[in-house]
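2 protein chains.
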Amino acid sequence: MKWPDHGGQFHEYLNEIQQDEKILDFSVNINPFGPPIQMEEIIQASFDILGRYPDPSYRKLAEEIGQYEGLHSNEVLVTNGGAEAIFLVAQHFKGKKALIVQPTFIEYERACLQYNIQVEHVLLKKETFQWPFDEIVKKLKDVHCVFICRPNNPTGTLINKEEILALLIEAERFGTSIIIDEAFVHFIPDSERLTKWIHPFPNLILLRSLTKIYSLPGIRMGYCLSEKDTISALKSLQIPWSVNSLAAAIIPSLLEKKSFIQRTREWLTNELEWLQSRLKQLDFHVSNASTNFYLLKDPNHHSDHLFLFLAKNNIIARHTHNFKGLDGEYLRFAVRSREENEYLINVLKKWREEMG
Amino acid sequence: MKWPDHGGQFHEYLNEIQQDEKILDFSVNINPFGPPIQMEEIIQASFDILGRYPDPSYRKLAEEIGQYEGLHSNEVLVTNGGAEAIFLVAQHFKGKKALIVQPTFIEYERACLQYNIQVEHVLLKKETFQWPFDEIVKKLKDVHCVFICRPNNPTGTLINKEEILALLIEAERFGTSIIIDEAFVHFIPDSERLTKWIHPFPNLILLRSLTKIYSLPGIRMGYCLSEKDTISALKSLQIPWSVNSLAAAIIPSLLEKKSFIQRTREWLTNELEWLQSRLKQLDFHVSNASTNFYLLKDPNHHSDHLFLFLAKNNIIARHTHNFKGLDGEYLRFAVRSREENEYLINVLKKWREEMG
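Residue numbers (this note's numbering), protein chains in the order written: chain A, 1 to 356; chain R, 1 to 356.
I should point out that these hints are in silico values taken from the structure, not numbers from a laboratory.
Treat the hints loosely; a few may be bogus.
No copy labels: a pair is met if it fits in one copy or bridges any two.
The list that follows gives simulated cross-link-like pairs (lysine-lysine, DSSO-like), each with its CA atoms no further than 30 Å apart [stated by the list, open to error]:
no.: 1; residue 1: Lys235; residue 2: Lys94
no.: 2; residue 1: Lys97; residue 2: Lys235
no.: 3; residue 1: Lys258; residue 2: Lys228
no.: 4; residue 1: Lys22; residue 2: Lys60
no.: 5; residue 1: Lys141; residue 2: Lys312
Put together the whole structure using the sequences plus the hints.
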C-alpha cells in the first residue's frame, strides 16, 4: 500500500471501496466548531476586495496583527498559510545547517531539503515523547537553526515553556535561531504563547497558522513573528501578492473572536479527558496530548491493521509512516465532536472485541 | 519623489492630498468589464470549500485546465497568481543565466536576482518598441532561458508570432528555454496563443494569469504550461497548498466564459482605435498597443510633470521609472470605460492647452 503524504488524500482510495456511506475524517486537525465567522461576512468582504489587488506591502494588515500581538508591524510578516512561512524561513537559512526535533510536521524537512539545508534530527523519547533537552543543547553550536513545533504535530504534546526559555538562552550564545511553529497554539492557554519573547530574543522566529483554530484551511492564512531585520529579510524573499485579498480582509475580524477560542479550549479540555480515559480503558497507548489531536497505538497489533479496520468502518485516521521516529507505529486522530468521538470509541471497542 | 514599485501604491500619496474626490486609477491593467462571474457563484463555492484544505495535488483542477488548453494534466501547474509562476520558473533556473527583453514586467528581473540568476538584458527598439530579433538570437547560446512578455507589459505591443517560432527553433539548438508570459493573451485573438507549440517545443514554458482578463486580482489565479518533466520539476518547488480553495473552485467556471472574452475583445478593439486617434490628434506619442494598456509620452514635456498634472486632476497613471529602457520617459495607461477614457482625453486636452 502506498501511503500518501497527507492524510486527507485517502479519500481517493476509500471512495473506490465505498461511495455510499459517510466517511469521518479524523486525519485533519481542524477545529470542529467550524469557522467563527458568518459566511455573510466573508461575502460582504468579497464584494469589495476580490476585484482589487491586495496591497503588496500588506501594511495595514501587519499593523492590525502587530496590535493584536503587542508587536510592531515591522515584526510581523503575513504569509500564504503557515506553509509559506515555513518555506520562507528555510529559504532564509539556505545552504546552512538545521536541527529538527522529530517526529514532527514533515514540511520542515521538505523545506530544508529544497533549500540545500543540511539537516540533523534528534528524536523525542519513545512512548512518552518527552524532550531530549541535553541532546538538543549539545547540537546548538553545530547548527544555524532549530525547527520545533509547539504543541507538537503529530504527538499533540507540549514542551515545557521553561525548557524553551533555557534553550533560547543557550542558543543565543551560539547565534543559533530557534524557529517555533505555533500552528496549534490557539488550542492551549494564552500564557503558553511565546510572543513576549520576541523582544528579548532576536534569535526567536514564531510561525503561526490561522487555519486550524478557525477551520478555514481553504483561505490560506498564516504569519511569522520575529525581530524586524529577520522579518524584512523574509519579506524580501516573498513572491508579490502572495496572500489573497480574502485572507487579508478576514484576518483582523478573526483575531477578535476571543470568546470562540475560549469556548473551543473549554470543549477541548473536556473532550480530551473523556477520550483519553476511554481509550486507556480499552488498553490503547495514547500520547499525552494537550491539543486537538493525539497519537494512538494498540500494543498488541500493528497500526496498519487497525487503520484498515477503521477505514472499513468509515473512519480515516492519519497514518504515521512518514514521521521520523514513528514509522507507522501509531495512528493520529483529530478530536472531533462528541458524537463522532463516540462513534470512534465504539468502533475501537469492536476492534478490541474482535482482535483481542 | 520616491516612485513606488507598483502603480496602485500611489493611492497612499494621493489620498493625503485630496481625500474627497473620486480617483481614477489608470495604473492597474485589469478588464473594466468586471468579473464575469456572479458573486453568488463565488459564495456558493465558498460555503463548501473554504472549510477544507485544497487537494494538495490540485489534480482535478489541472485536468480541467488541461482539457480547456488541449494539453494533458501533467503539462499544467496551477499557481498562486501569475507571480508564483514567475518565481517558480526563476527558482528552476537558479544560479544559471537568463536574458530579459526589456522594458518589461519588473518581476522577471526581481525573481532572477532572488535566485542568483545572472541576467543579461536586450532592449526593444526606441519609439517603435520593435523586437531586436538578431540581437536576441545572438545571445541564445550564452543563456539558459529567455523571459518574454507577450503581449508585452508595459508597452502593450505584440511580437510577431513567426518571430517567436523562429526563436524557438534557434533556442532548441542550444537547449535554451523560452519563457513566455501570456498574462494578457486573453485580450487578443485566440490564434495568438502559443499553447499548440508546447508539444513540438519542450523548451517552451508559458505563464498564464487569470487576474487581468477576469478582473479578480484578489483571488490569485495563475498557471504554467510546459512539457511534463518541466512541470513536475516546478511542482516539486512549490509550497504545499499554495493555491487557495476559492481560486481552485472558480477557475473552471471562469474558463468557460468564452462570450465574456469575446465581448471584451470587441470592446477593446474599438476603444483602442478611438483612444489612439484622439491621443495622436493631441500630438502624444502612443505605443502600438494591441492589449488593454498603452504607453504615452508628450514629446514636448517630461512625463513627471504630466504625471503630477494628471494626479491633480484625479487620474493615476503608471510611472515608468523602474522599467529598463524607459526610465520614466513614458506613462502607462489602462484602457478603461469610454466615459473614463473620455475624462482622460479631456484632462489631456487641458494639459495641451495650458502647456503647449
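Evaluation of the provided hints:
{"no.": "1", "hint": "Lys235 with Lys94", "verdict": "both (15 Å within a copy, 19 Å between copies)"}
{"no.": "2", "hint": "Lys97 with Lys235", "verdict": "both (21 Å within a copy, 25 Å between copies)"}
{"no.": "3", "hint": "Lys258 with Lys228", "verdict": "within (27 Å within a copy, 47 Å between copies)"}
{"no.": "4", "hint": "Lys22 with Lys60", "verdict": "between (43 Å within a copy, 22 Å between copies)"}
{"no.": "5", "hint": "Lys141 with Lys312", "verdict": "neither (49 Å within a copy, 59 Å between copies)"}
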